[in-house]
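Each chain, written out:
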Amino acid sequence: MSKVMVVTSGKGGVGKTTSCASLGAALAQAGRNVVVVDFDVGLRNLDLVMGAERRVVFDLVNVVQGDAKLPQALIRDKRIDTLSLLPASQTRDKDALTEEGVGRVIDELREKFDWIVCDSPAGIDKGATLAMRFADLAVVVANPEVSSVRDSDRIIGLLDSKTRRAESGEAMEKHLLLTRLDAARAARGEMMKVEDVLEVLAIPLLGTVAESPDVLTASNLGCPITLHSPTSPAARAYTAAARKLLGETVTVTPAREKRGFMSLLFGKKAVLQ
Amino acid sequence: MLSEAISLPNIQVRGRSFVALIVAPEAPLEFWFEALDAHMARSAGFFAGQPVVAELSALTLGDVGETAVLEALDGLVARGLRVIGVEGIDEALIAGTRWQGLPVIKRGRDVAPESSFAQAPSKAATPAAPARSAPPSLLIDQPVRSGQSVIFKEGDVVIVGSVASGAEVIAGGSIHVYGPLRGRAIAGVKRGAPARIFCRKLEAELVAVEGVYKTADHWGAEVHGRPAQVHRDGDGLIVSAFD
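One line per chain: the protein sequences are A and B, in this order. Mapping the first sequence onto my numbering, position 190 (from 1) lands on 190, and the numbers just tick up by one. Mapping the second sequence onto my numbering, position 113 (from 1) lands on 386, and the numbers just tick up by one.
Hints are computed from structural coordinates only; laboratory data are not their basis. Owing to the predicted nature of the structure, the values given are computational and were not obtained by experimental measurement. Among the hints, a few may not be true.
Computed from the model, here is a short list of chain A residues facing chain B with C-beta under 8 Å [to be verified]:
id, residue
1, 154
2, 204
3, 246
Straight-line alpha carbon distances no greater than 25 Å define the calculated SDA-like cross-link-like pairs of lysine to any residue that follow [stated by the list, open to error]:
id, chain 1, residue 1, chain 2, residue 2
4, A, 193, B, 498
5, A, 11, A, 249
6, A, 126, B, 476
7, A, 78, A, 230
8, B, 474, A, 186
9, A, 11, B, 499
10, A, 126, B, 304
11, B, 474, A, 136
12, A, 193, B, 434
13, B, 463, B, 498
14, B, 426, B, 358
15, A, 162, B, 415
16, B, 474, A, 162
17, A, 162, B, 425
18, B, 379, B, 293
19, B, 474, A, 214
20, A, 193, B, 325
Between beta-carbon pairs, the in silico distance windows are [said to hold, decoys possible]:
id, chain 1, residue 1, chain 2, residue 2, range
21, B, 294, A, 99, 19 to 29 Å
22, B, 485, A, 146, 51 to 61 Å
23, B, 379, A, 161, 52 to 62 Å
24, B, 498, A, 137, 38 to 48 Å
25, A, 79, B, 415, 48 to 58 Å
26, A, 166, B, 498, 40 to 50 Å
27, A, 214, B, 509, 37 to 47 Å
A virtual CB, placed ideally from N, CA and C, is assigned to each residue, including glycine.
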C-alpha cells in the first residue's frame, strides 16, 4: 500500500523543503521506494536541496499537462537508488496545475512507489491545497513561534476540510514536526516551549529538530542531512521521525542544543547567583 | 353595501397550536396544593410566564362538591399561575362565578413524552402537537482551527476543544468552550443580552455579547488564562474569572 504524505506548514521559511528532502531520504534509507514531489511551481527549491538542479529536463507541470510522460520527468537520486524526485517548474505558475491532472499523476506514482512525499508551497492558495488534496497523511512543519504556530493551525483546519480524505469522511492522519528549535532561547522565554505548541495545535508530535548549522550546510551542498552527516542530531531526529512514520515505536527525545564549555560555565554561574 | 367599502383589509384567520402546561388538581385539594407548593419551592421559575390550563375533571367525580372547582381555580391563581382555560368540566359549573368567561377547552391531545413516541408511532393522521423543544444547540467536539468560523445563529454553541487564535465563533445564544478560547467569540446574535460566553481558559482576542465587545486589552492579567465568563451588565460587558 503506497502512502501519499504532504509536508506542509502555511508559513514560509520554517523548513518544509529541508524536512521533505530529509524525511524522503530517511524513508529511502530505510529501504522504501520513495519519490519526493515539488509542488512549489514557480519557486521550486527541492531540486536544489536534493542536489538535482542540473538534471531537470521535464517537470510536474509537463506531466500534469500531458507534455511528458512520468518516467521522463522522474530523477533518480545518485546516492540512494530507491529515492526519486519529481521537480516543479520554475517558469510556470501554480495555475498550470489542475486537480484532475494532479490526481492522475499521484495515481500513477502510487503504482511505482511506496511513499509519495509532497513538498507543499507556503500559503493556503491553489498550490498548497493541491499538494494536500490527495494526501493520506500530513506532516505539519512548524517553528516554535506564534506566527508559525497560528499558520500551522490554519493548515490543520484545511487538512481536515479540503482534502479528499476529509471530504469522504475519513480521518486525516496529522503529525507535527517542530524544527529550528533553540532550547536556550526557549528556556529564556524568547520562544514557545514544545509543550505550548502541542497544547495549541493538539496533534501528535513526530519529532523535534534543533536549529543547527549542519542543516543549512547540507541544504547548500544539495544533500539531505540524513545522507550528508547521518550522526548529527538533526539527521538522527529525521531518521527517528521516518521510523515513526513507518510504524515503529520510537521514543521522541526532545532536541537539545549542544552546550559548549563556555555556556556550561555561564549556566552554572547563573545558578550560583 | 359592503362590496362598495373598498380597501378593507383582508382578514386572515389562522389556526395555531401552542403548548400549555396542564395541571390537574385532585381531591382532597389541601393535600394537592401542599404538593404543588413543595414543587414550586423546589423550582421557583417552573410556571413563570407559562400559560396553564386547569384540567378539573377529577373534581367533578364522586361527592367532592361543586365548590371544589372554584376553590381549585382560586388556589392556582393565588399561587401566580396564569390560568388561560379549563377543561374537563361543564361550562355551567363556572357560569355566574368570577370564572365565567374562562374558555372551556375541548379536550386536546396530550403531548406524549418522546420515549413513548418511539414505542408507538402514532397511527392517527393528526400531526402531534410540537413538544416544547429546547432551544437548538450546536456541539463541536474538535478544535476550531485558525481561520475557521463557526456560525450558528439559532442557538448555543458548545465546543469541546480549543478555539484557536484567528478562529471565530458566532452564536445566537451562549457560547461554551471546554478548552482555551484564543480566538473571537460573539454571542447573543439572536437571544441578545442574556447570552453569555463561558470558557475553560480565557486567552481570547475578542469577546462580544449582542454588539458590546471587549478585546484582550480590556481585561486584566488576573482574568487572562483563567476559567472565565463574559456577560452583559446593562450597556457594559463584564469579564470575570471563576473561582
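Do the hints match the structure? See the list:
The restraint placing residue 154 of chain A at the interface with chain B holds, with a minimum CB-CB distance near 4 Å, inside the 8 Å limit. Evaluation of the residue 204 of chain A hint against chain B yields a violated restraint, the C-beta minimum of about 14 Å exceeding 8 Å. Restraint check, residue 246 of chain A versus chain B: the minimum CB separation of about 27 Å is more than 8 Å; hint violated. About 17 Å separates the Cα atoms of residue 193 of chain A and residue 498 of chain B, which keeps this hinted pair within 25 Å; it holds.
Distance check on the hinted pair: residue 11 of chain A and residue 249 of chain A sit about 30 Å apart at the alpha-carbon level, beyond 25 Å; violated. Between residue 126 of chain A and residue 476 of chain B the CA atoms are separated by roughly 32 Å; this puts the pair beyond 25 Å, and the hint is violated. Straight-line distance between C-alpha atoms of residue 78 of chain A and residue 230 of chain A comes to about 17 Å, which keeps the hinted pair within the 25 Å bound. In summary, the hint linking residue 474 of chain B to residue 186 of chain A is supported, as the alpha carbons are separated by about 23 Å, within the 25 Å threshold.
Straight-line distance between C-alpha atoms of residue 11 of chain A and residue 499 of chain B comes to about 30 Å, which puts the hinted pair past the 25 Å bound. Restraint check: the Cα-Cα separation between residue 126 of chain A and residue 304 of chain B comes to about 74 Å, which exceeds 25 Å; the hinted pair is violated. With a C-alpha separation of about 33 Å, the suggested pairing of residue 474 of chain B with residue 136 of chain A is violated against the 25 Å cut-off. At most 25 Å may separate the alpha-carbon atoms for a hinted pair to count; residue 193 of chain A and residue 434 of chain B meet this at roughly 20 Å.
Restraint check: the Cα-Cα separation between residue 463 of chain B and residue 498 of chain B comes to about 28 Å, which exceeds 25 Å; the hinted pair is violated. Taken as a hint, the residue 426 of chain B and residue 358 of chain B pair is broken in the structure, with Cα atoms around 35 Å apart against an allowance of 25 Å. Simply put, residue 162 of chain A and residue 415 of chain B have alpha-carbon atoms about 16 Å apart, close enough for the 25 Å limit, and the pair holds. For the hint pairing residue 474 of chain B with residue 162 of chain A, the CA-to-CA distance comes to about 29 Å; that exceeds 25 Å, so the pair is violated.
A hinted pair counts as satisfied when its Cα atoms are at most 25 Å apart, and residue 162 of chain A with residue 425 of chain B qualifies at roughly 21 Å. As the CA atoms of residue 379 of chain B and residue 293 of chain B are separated by approximately 14 Å, the hinted pair is consistent with the 25 Å bound. Annotation: proposed proximity of residue 474 of chain B to residue 214 of chain A is violated, straight-line Cα distance about 40 Å (limit 25 Å). Note on residue 193 of chain A and residue 325 of chain B: the hinted pairing is violated, with a Cα-Cα distance of about 60 Å set against a maximum of 25 Å.
The beta-carbon spacing between residue 294 of chain B and residue 99 of chain A, approximately 57 Å, falls outside the hinted interval of 19 to 29 Å. One distance hint, 51 to 61 Å for the beta-carbon pair residue 485 of chain B and residue 146 of chain A, is violated here, with the actual separation near 28 Å. The beta-carbon spacing between residue 379 of chain B and residue 161 of chain A, approximately 54 Å, falls within the hinted interval of 52 to 62 Å. For the pair residue 498 of chain B and residue 137 of chain A, the beta carbons lie near 33 Å from each other, so the given range of 38 to 48 Å is not met.
Separation of residue 79 of chain A from residue 415 of chain B is about 42 Å and departs from the stated range, judged on CB atoms against 48 to 58 Å. Between residue 166 of chain A and residue 498 of chain B the beta carbon distance is about 32 Å. The supplied range of 40 to 50 Å is therefore violated. Between residue 214 of chain A and residue 509 of chain B, the C-beta spacing of about 57 Å breaks the proposed range 37 to 47 Å.
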